[in-house]
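Engineer: Sequence:
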Amino acid sequence: MVELKNGETYSGVLASCDGFMNLHMRDIVCTSRDGERFWKIPECYVRGNSIKYLRLPDEVIDMVKDEPQSRKDLPDLLPNPTCIEKPTGATDFGRWLDPTSVARVY
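Just so we're aligned, residue 1 is where the sequence shown starts under the working numbering, counting upward by one.
If a hint is listed, it holds; no wrong ones were tucked in.
Here are the in silico distance ranges between beta carbons for each label pair: (1) Ile61 - Asp27: 12 to 22 Å; (2) Asp34 - Asp62: 29 to 39 Å; (3) Val29 - Val60: 16 to 26 Å.
Distance condition first, Cα-Cα at most 30 Å in a straight line; then the derived DSSO-like pairs of lysine-lysine: (4) Lys52 - Lys5; (5) Lys52 - Lys40; (6) Lys40 - Lys5.
If you're looking for bench data, these hints aren't it; they were derived computationally from the structure.
Each residue gets a CB set at the ideal place from its N, CA and C atoms; glycine is no exception.
Please work from the sequences and hints to get the whole structure.
Structural biologist: The following block contains the structure:
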């Protein structure tokens, strides 16, 4: 169930979401702010910054794989970490390289 800042609620199946908390939902029942009107919607998209409240069942939350807590944990999780060397000489990991080198990925 998703409650929006305008008071409407959307109850349905969460199909997907992204890092901005934008939701793609299916088989939705939308309830008006006053709770007197209902709409059956086959599919909808909810923009993340309009969400006031989101309720998910515990079993759904348990199914989600643990995400890394910080950016520095990412290289340890990748099988072959990628380092991008920038023309300025800096890499995305913060090391300084030869500034005359061309940009490359290794």
